[in-house]
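One letter stands for each residue in the lines below.
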Amino acid sequence: MLRYVGKRIIYIIGVFFLISIIMFGIYNAIPGDRALTQVAPLKGKVSAEQFETAYQKARDDLGMDDPLPIRYGKWMGNLLTGDLGYSTFYRQDVIKVVKSPLLATLFINIFATILALAITIPLGIYCAVKKFSKFDNAVQVGTIVGYSVPSFVIALLSIYVFAVILGWFPVNGMNTPNFKGNGFEFFVDRMYYLTLPLFVMTIASLGGMTRYVRAAMIDALRMDYIRTARAKGLKEKVVIYSHAWRNALLPVITLIIGWFLSIFSGSIIIETMFALNGLGKLYYTGLMNQDYDVALAMQMFYVVISLVGNLIVD
Amino acid sequence: MKKKLIALGMTLCMGLSLVACGSNGGDTPAETTPAQTETPAQTETPAAEDVQREPAGQIIIGDSNETSGDITPYWTNNSSDYNAYKMISGADTVAMTADEEYIFNMNVLAEEPQETENEDGSKTYTYTIKDDLLWSNGEPITAEQYVFTALFLGSKVVSTDLKATNAIYDVQYIDGIDEYMAGKTDTLKGIHLLGDKQFSLTVRADKLPFYYGKSLATIYPMYMPGWVPEDVAIEETENGAKFNDKFTAKNIKDTVEAERWNPTASHGAYMFESYDKSAYSYTLKANPNYVGNYEGRTAQIETVILKYTPQDTMMDEIKTGSVDLLLQAVDGKEINAGLDMVEAGTHGYISYSRNGYGQLIFKCNLGPTQFVEVRQAIAYLLDRNEFTKTFTGGHGSVVNGQYGNSQWMTQDAADEIAALNAYNYSKDEAIKVLEAGGWTLGKDGKPYSGSGLRYKEVDGKLMPLSIKWCSSENNSVSDLLVTMLEKNPDVEAVGMEINQNVVTFNELLAAYYNDKDDYNMFNMAEGFSVPFDIAEQWAVGGGYNYNRIDDEQLQNLASDLNKIEEGDDETYLATWVKFQQRFNELLPNIPLYSNEYHDFFLNKVKGVEGKNDIWDISKQIVYMWIEE
Numbered sequence: 001m002l003r004y005v006g007k008r009i010i011y012i013i014g015v016f017f018l019i020s021i022i023m024f025g026i027y028n029a030i031p032g033d034r035a036l037t038q039v040a041p042l043k044g045k046v047s048a049e050q051f052e053t054a055y056q057k058a059r060d061d062l063g064m065d066d067p068l069p070i071r072y073g074k075w076m077g078n079l080l081t082g083d084l085g086y087s088t089f090y091r092q093d094v095i096k097v098v099k100s101p102l103l104a105t106l107f108i109n110i111f112a113t114i115l116a117l118a119i120t121i122p123l124g125i126y127c128a129v130k131k132f133s134k135f136d137n138a139v140q141v142g143t144i145v146g147y148s149v150p151s152f153v154i155a156l157l158s159i160y161v162f163a164v165i166l167g168w169f170p171v172n173g174m175n176t177p178n179f180k181g182n183g184f185e186f187f188v189d190r191m192y193y194l195t196l197p198l199f200v201m202t203i204a205s206l207g208g209m210t211r212y213v214r215a216a217m218i219d220a221l222r223m224d225y226i227r228t229a230r231a232k233g234l235k236e237k238v239v240i241y242s243h244a245w246r247n248a249l250l251p252v253i254t255l256i257i258g259w260f261l262s263i264f265s266g267s268i269i270i271e272t273m274f275a276l277n278g279l280g281k282l283y284y285t286g287l288m289n290q291d292y293d294v295a296l297a298m299q300m301f302y303v304v305i306s307l308v309g310n311l312i313v314d
Numbered sequence: 001m002k003k004k005l006i007a008l009g010m011t012l013c014m015g016l017s018l019v020a021c022g023s024n025g026g027d028t029p030a031e032t033t034p035a036q037t038e039t040p041a042q043t044e045t046p047a048a049e050d051v052q053r054e055p056a057g058q059i060i061i062g063d064s065n066e067t068s069g070d071i072t073p074y075w076t077n078n079s080s081d082y083n084a085y086k087m088i089s090g091a092d093t094v095a096m097t098a099d100e101e102y103i104f105n106m107n108v109l110a111e112e113p114q115e116t117e118n119e120d121g122s123k124t125y126t127y128t129i130k131d132d133l134l135w136s137n138g139e140p141i142t143a144e145q146y147v148f149t150a151l152f153l154g155s156k157v158v159s160t161d162l163k164a165t166n167a168i169y170d171v172q173y174i175d176g177i178d179e180y181m182a183g184k185t186d187t188l189k190g191i192h193l194l195g196d197k198q199f200s201l202t203v204r205a206d207k208l209p210f211y212y213g214k215s216l217a218t219i220y221p222m223y224m225p226g227w228v229p230e231d232v233a234i235e236e237t238e239n240g241a242k243f244n245d246k247f248t249a250k251n252i253k254d255t256v257e258a259e260r261w262n263p264t265a266s267h268g269a270y271m272f273e274s275y276d277k278s279a280y281s282y283t284l285k286a287n288p289n290y291v292g293n294y295e296g297r298t299a300q301i302e303t304v305i306l307k308y309t310p311q312d313t314m315m316d317e318i319k320t321g322s323v324d325l326l327l328q329a330v331d332g333k334e335i336n337a338g339l340d341m342v343e344a345g346t347h348g349y350i351s352y353s354r355n356g357y358g359q360l361i362f363k364c365n366l367g368p369t370q371f372v373e374v375r376q377a378i379a380y381l382l383d384r385n386e387f388t389k390t391f392t393g394g395h396g397s398v399v400n401g402q403y404g405n406s407q408w409m410t411q412d413a414a415d416e417i418a419a420l421n422a423y424n425y426s427k428d429e430a431i432k433v434l435e436a437g438g439w440t441l442g443k444d445g446k447p448y449s450g451s452g453l454r455y456k457e458v459d460g461k462l463m464p465l466s467i468k469w470c471s472s473e474n475n476s477v478s479d480l481l482v483t484m485l486e487k488n489p490d491v492e493a494v495g496m497e498i499n500q501n502v503v504t505f506n507e508l509l510a511a512y513y514n515d516k517d518d519y520n521m522f523n524m525a526e527g528f529s530v531p532f533d534i535a536e537q538w539a540v541g542g543g544y545n546y547n548r549i550d551d552e553q554l555q556n557l558a559s560d561l562n563k564i565e566e567g568d569d570e571t572y573l574a575t576w577v578k579f580q581q582r583f584n585e586l587l588p589n590i591p592l593y594s595n596e597y598h599d600f601f602l603n604k605v606k607g608v609e610g611k612n613d614i615w616d617i618s619k620q621i622v623y624m625w626i627e628e
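Top to bottom, those sequences are chains A and B. Okay, so the first sequence: first residue is 1 according to this note's numbering, each after it adds one. Okay, so the second sequence: first residue is 1 according to this note's numbering, each after it adds one.
None of these hints come from the bench; they were simulated from the model. Computed from a predicted structure; not experimentally measured. Please note: incorrect hints may appear among the correct ones.
To be verified - A partial selection of chain B residues facing chain A, derived with a Cβ cut-off under 7 angstroms:
1. 76
2. 172
3. 278
4. 283
5. 286
6. 308
7. 313
8. 509
9. 540
10. 544
Ideal Cβ placement from N, Cα and C applies to all residues, glycine included.
Chain B on its own, in the form it takes in the complex (with noise of 0.2 angstroms):
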């Protein structure tokens, strides 16, 4: 208070003599030291394994991604406020482990679950939960609260009346799910309600066989009291169970709109106690009756403080202290800026792999890029290597198929990776693909004489080899890609143009998924989660197939992924091998980067390393304890 006061009144005194406060032109804004020749080891700190502390101190995390303060992620969808929500829920029937397996979550579960093969496909798991699990407010957790979970966040008064656009995410293998939610009935088939402690779920049968099943069967509790009033009621019946009456968007309204902001009982490992607004950060206390994760690790921390840290000056807040934790460090100059906190003793970090990447994306359905030797000259006329060290600077690396770094398949299929095409840079070679795939034409239909555009007769018709590439505006990937590919002399040397167009997001988004203004080519990112389903991306005709490729091959390579059993990773890996050679070969899309991500931290801050970008911030925290 006192510092606060002093520090005021000087400021008030500098105020008044702001003449002298013009900028002094021997001060620079922010650190811009040369790329590292040496990085700085990851920090290690002292294992954690065995050690369950009780909860003390304070951690402050920095995150650049805003925080909205609706913690519950049935209406938004934003990464550092989904932090915060996935942090204070904990008793699901199903939890992911470290290494991306899904087990039943025996902490929750008072035995491990009936499992019952239906006669129509579908797979109904009868839990049977603890008696002694808590709300965070001391009230007893109930089967009701499953059930009310599924009913809840698939019933229309909440997806349509009440606008809740993501609720259907976390029920939407429940078996009848989709009549349920259009309304067609008011009872959920898939749901039911045998006792206090006691439920099935049924997964419905188009979902499965699935290699990742166990997460189909993923169900939590949401506090009943909270959401809706005391007269709203679950009714068991034979074909499911379904809400009374009461259960109108005119009577829950109010009491849905102050849980979505305030959520008043938690089964994670933090409860809510507040979000302020105004600094953009939540504030999350030690749950006392959290019944641990699947190793049984609590809160180690007391208070976590979640906080919004703006790009531009993230790197000051870690460096004076504001923050304790700064995630996801992207940029180079960034990163390096943090590496010299790190050599100078004052912090710590870990770095690890984006699962995902930013990519160029093909339509495989009309003009050029429809055919496959150019999108493969396409990937030989850009220098991925060139692109990734200058937009990453150094901070990234270059993937060559649809996979993230940090899954375990692209760790145990290394030899398999590495034999990939990397469609390392060559005209010559983007030359022989496109002259392989009929691109010899010039503009009268002559064989190609080596100066402007070249032709490819189809169906009849001169189609000149012109692509249309859509980009967003403000956007520094498009803006090396304009250096890197469209200004490369070398494209236009293949007898190659590619005209950029550059709209909003919105539009891009819009142009994507509908198809609109004939673009040939767009450059996105994309991220992987665990399960990873890309069956739907790749179907003939599918929905998600927004590439518009027909590869029956690609199509059956990615649904085989999911119908492989559980636990065959052996099999698993050989198809996903399989695929990734096949999308090699396809390029349906053409990976650009993936980044190195970088925490830093105080040194104060220990247990951080097992955390990547799959086992994120809200699994890693109860491994994480402050040492004064």
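Extracted from the complex, chain A is given alone in its bound form (with noise of 0.2 angstroms):
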């Protein structure tokens, strides 16, 4: 086990310098000129020289004049050492722009997940064990239709329906601007506004999951253990979850795992529908205005964490 895991190690560290290589080229290989693009907005307000000097100055500071290698060299020494660069649209330390979002994709992700497992799971094993029901039946048209609609439909009916039509709840953002109280009320708050991304981002997901642990377990239930158990004249219960349920947990684990991995990734539509201060929004925002040293740092966090994932999942 420890010889096969320090293999793993080893590949993934391999693995991890080959794909910095290939995404610091393919980022630096993208048209366009960062130092302009950082100095653009002086452009007309201060007289032409000062332009000038400050797009020298902004060139220099990326290290636009120096050879790709160097310029990964550099980058890379940094990043080893728990530098994560610097934001030329934010203006700010890496670490500090990811920092907030991070926490905020985190505290959405972890209850988005829960949420459709709680739900999907049993879901999925009540359609397998009442297959070809009414039930069964409502619940796939359901779940197709969830697992069809685009995401940000789904959002603009949410936000229709239930903040603009029955006001129940606020159209967007994560709490009330300049709210005052103790941590609870704060919580409470809190998830008062993240009802509404959070129902949208568990009816989206509900389909695929749904669908998979109703087809495992059907695959289970038709076993010859199953049928043998039940011969044995076990309760159905038990029959379902102590043999079928453990069998069918396999394959579904594998897709569970992924599922709590992704939830270090951002949503940039349901982010942007709710305005949401997630890391979908920042990556989208990152590559849209070649901040590259926050796009990278967040390509190279997903890399690291798809690495160990799969050696955890292995």
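Make the complex out of the two chains shown on their own, each in a separate frame, by following the hints.
And the structure:
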């Protein structure tokens, strides 16, 4: 076991460096002038000479006149010492830029994942046991609809119905601006604000897992050992949960671990629609503004998460 | 709290019966009312001129530009952050009035400044500030803190070592700033500390004379104890003021970083209380020590919250009361939805012209667009009235020169502006100007046959009438231009072709600024600030002349505008009109549309009228109040 883990860690290190070279090369091959983008707001507001000076300074800061391997070496050297770089868009160290969205994404995704699993697993099991019943058919249709309808449509509909028409929830945001209260009140306020996004995220993620659990359970319930268990006179509950579900769990657990790993990744659409300060939006903003230190840091973070996640799953 | 718990409980129940919550085909996600046939009159609220109320209530202002929390504008440049910043600033030596006039701020100054014309052409202003000026935290505002602003923002340490690229903006006109910023000298010769309440500021010679001359003499205090550690001090020398040797990046980095995000004291109508990253919102509180704007107005609303409202749901937010005032709706569908609320009597609104426009920009030094006739032909081949109507949903106007509809000049010279060539859509006119410009040949060098591309002989070679257009991706203006210009059958009919190249916005910027890839035409927006300074933009061979147009008349008119004496509005207006006429003839850019902004607000918000694209929310806020 230890030997296997050791080999895999060496493999992870190799893959990490390989991907880092590829990613760094790709980001630096994207056309555009980052220094120019950075100083463009000054155009017309200072003299042409002052603008040129600022532009040259920005080029120096970004090391744009260095050869690519030198730039890679500097970036990787900093990365390995915990310096994720400097955001040219937010004009701040990347570590500070990422911190708040990361926490917000984690907070939202943990709830969304737990909520989705709490619904989909019992629902999938129930549908498998009652397969082809009216309820099962209704769930199949519902999950296909949920699976097919883009999340922004669900988001807009939810906002319209629950926020605008019914007025139950705020249209967007993560908490009341200028909120005053104790920790518990703040938590309740935040959950109140996050209900709609969580609802949308849950709806959007139900289809896949429900159908996956249902299929795994149907396969398991067809096995001979289930017939044997029933023949032994075991209670149906025991047959389903102790015998069928345990065996159905093997393929499902792979998916569940994948879900838990995805709690680090944000959703651009949900975060944009609901004005949530999360990682998805940050990544998108980074890419659109050539803020490569932010984008690369996040990319490498996801690489590490994926590699470690694969090791855990295996 | 109870309501929230009930709502949460209900949702939990709904979540468990999720299947029943599938989309209901009968519901529509957003109102899509047809364009209004009758627009409701703008909201009139009681006049606020002579009434100063005690600060009370709270207003939540929604802005579709995302806030970042970087409230001080020296690092990032974001209009919503800047609105918050301007609300906490107000002890400038010079103030702009609602009529776009610059005046000395006599709420701050103890007396009119002493003005000295120097031999080298520079001009020195000696300011004496009032004794009772206070920061929001009660500490006195001193002359040293004005001097600090110049030294701090102009320093190499701040602009280079601490990467505050935008810091130069507020101190760029001070004499000697370039040498000081480059680190060639440790003294800034254009600023002197003359006493606790007195200092002098010298405006650099190469910017003078200037029509908006007083604007160059603007300086404001920065809270020195917040920005730098106690051991940093200012020393006065005969060559100007300077910092002591404790002013190093290493020594000030932590204090700067803290103050940048969390200003500890302010001198404006409001003071910074907090920024909520998760709610994208600033909370500002009325500053009890504010001396007032140029009319002595101070805050009448106790708490101002500036909040990001995504464009997709901004109308829902104003409808549900999540925000009290929504700034600058531009989309026709959103505006119509807002006007419906106004008609229902729940909301009010004001509308005003954008001080800028979307435009086509030409490179006037290469390819067919180097010829004025080609640029004019393109103008004739685009129905700009229809373009504006379609793009703005009927809430915009066509502009025929380099001006913004909010500028005082546009209003004072309305007749002359109306007389500018509107280049009304005409295929025949396009052909006429092209033929007059020598575009009379076919591919084989023989006279143009009436089909295919036109050619012109340039330096002994045939040049095809083919326009290489660079546009950015995901751009609705570009999409409409494709339909109404690139694929317009009349473009082909006159013997022209326009080829769109879609790139990222950053690539477009690089191509535009650095003349990459030989593009002839771009589409981008332009906004005008006050002071209106376009001299470098049209200077022949000038660094800002990205159109690369070499026209001495245009250059001289743009330059002359700046050199007119302050207060000589008549000469200024006459020169400005001449400039617009020349611009309209040469068309280095073709203005496409200028939006009509709409601000919507709840009925309880009073005093919004008077705000426009120049006199913005940060200036109007002191005239506003909440009527519960």
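We went through each hint and held it up to the structure:
no., hint, in the structure
1, 76, "5 angstroms, holds"
2, 172, "5 angstroms, holds"
3, 278, "4 angstroms, holds"
4, 283, "4 angstroms, holds"
5, 286, "14 angstroms, violated"
6, 308, "6 angstroms, holds"
7, 313, "5 angstroms, holds"
8, 509, "6 angstroms, holds"
9, 540, "13 angstroms, violated"
10, 544, "5 angstroms, holds"
Violation of the numbered hints given earlier is confined to hints 5 and 9; the remaining hints are satisfied by the structure.
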